[in-house]
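Protein sequences, first through last, are from chains A and B.
With the first letter of the first sequence counted as 1, position 17 gets the number 17 in the numbering used here; the numbers rise by one all the way through.
Remember, the numbering used here sits 100 above the position in the second sequence when you count from 1.
The set of hints was computed from the structure by calculation and includes no laboratory data.
Careful: at least some of the hints might be erroneous.
As the list claims (entries may be wrong) - In silico lysine-lysine, PhoX-like type, Cα no more than 20 Å apart, as pairs:
hint, chain 1, residue 1, chain 2, residue 2
1, B, LYS278, A, LYS5
2, B, LYS175, B, LYS155
3, B, LYS285, A, LYS5
4, A, LYS8, B, LYS278
5, B, LYS277, A, LYS5
6, A, LYS8, B, LYS252
7, B, LYS275, B, LYS285
8, B, LYS277, A, LYS8
9, B, LYS175, B, LYS252
10, A, LYS5, B, LYS275
Claimed, not checked - Computed far set for chain B versus chain A, every beta-carbon distance over 12 Å:
hint, residue
11, ALA167
12, HIS171
13, ARG192
Note that this is a predicted model, so its numbers are computed, not measured.
Cβ atoms here follow ideal geometry from the backbone N, Cα and C, with glycine treated the same way.
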Amino acid sequence: MNNEKLDKLLSAAHREAPPTPPADFEADVLRAIRRETPTPREGVSVFDQLNLLFPKIAWVAIFIICFCVAGEIVSSLNSPSLGDGMAELSDQWMFTGKGF
Amino acid sequence: MVNDDAELVERIRGGAPDDFSEIVRRHQSHVFAILFRYERDHQRLEDLAQETFLKAWRGLGQFDGRAPFQHWLSKIAVRVALDHVRRQQRRRNEVALPELGDDALDWLHMDDGKNELETNQAREILEVALRELSPAERIVITLQEIEGRSVKEISALTGSSSVAVRVRAMRARAKLKKALEQLEKNDEQRKTRQAA
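Okay, chain A solo, but in the shape it has when bound:
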């Protein structure tokens, strides 16, 4: 097998015409696509995902803040304030035997 003969074989293969795609090929492809996933989306980054989640995260944050504020208000109604506690402590300190 010399190079000339090999080239002849390869060029004969090169001359072969490709087959024509069938008429309904594009319809077949579209059918296959419909069976697949919906519309392709561009690469979704972490930031895109956070943006998508943002409304939910915001609502949860607002709920937590409101819950904490409400808890603080309720607890302050039932117990003496920090200022009262300090005044009581200093009174006790002043009138004990260890005082001035």
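Model the placement of chain B on the given structure of chain A, informed by the hints.
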């Protein structure tokens, strides 16, 4: 009617999936022309072409428009062809492979090969001989010697460096030559056995 492929891709990404049929219509012949070198059976060839377009659909988000769409699609088709050749090679021992016809064998035995060779005979011979090459070598020799693509093009299509493509092409050509010589020898031995 959108003329530019990149613009059409943008429309599809924007929520017009049916426009993908226009992409298929524009590029189906090109995809068939790449893939038919690796599969003779028309139904299986259609399956490979469909697989190529499905992969393009799935990866549409990665098309950045820097290179022409057809080039991007060709890369996918070459990848599909490579996977197909690999699968074929794995099944090699499980399925009966076609044998060479008498006309093809006669041409192989000619000293100079000056007689014209029919394209289907050439394909028949190459189909048998190319089995001796690795899938990557087969892809490179088909792209370079049969399709007539440049090293630079093959490098871009396969993702291998130009040097790697050159080395692989040289090795593939040498292996192909050896495989063709072996085919000749095998046939001579067969004829001798039949005569005895």
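So, against the hints stated earlier in the document, which numbers end up violated here? 6
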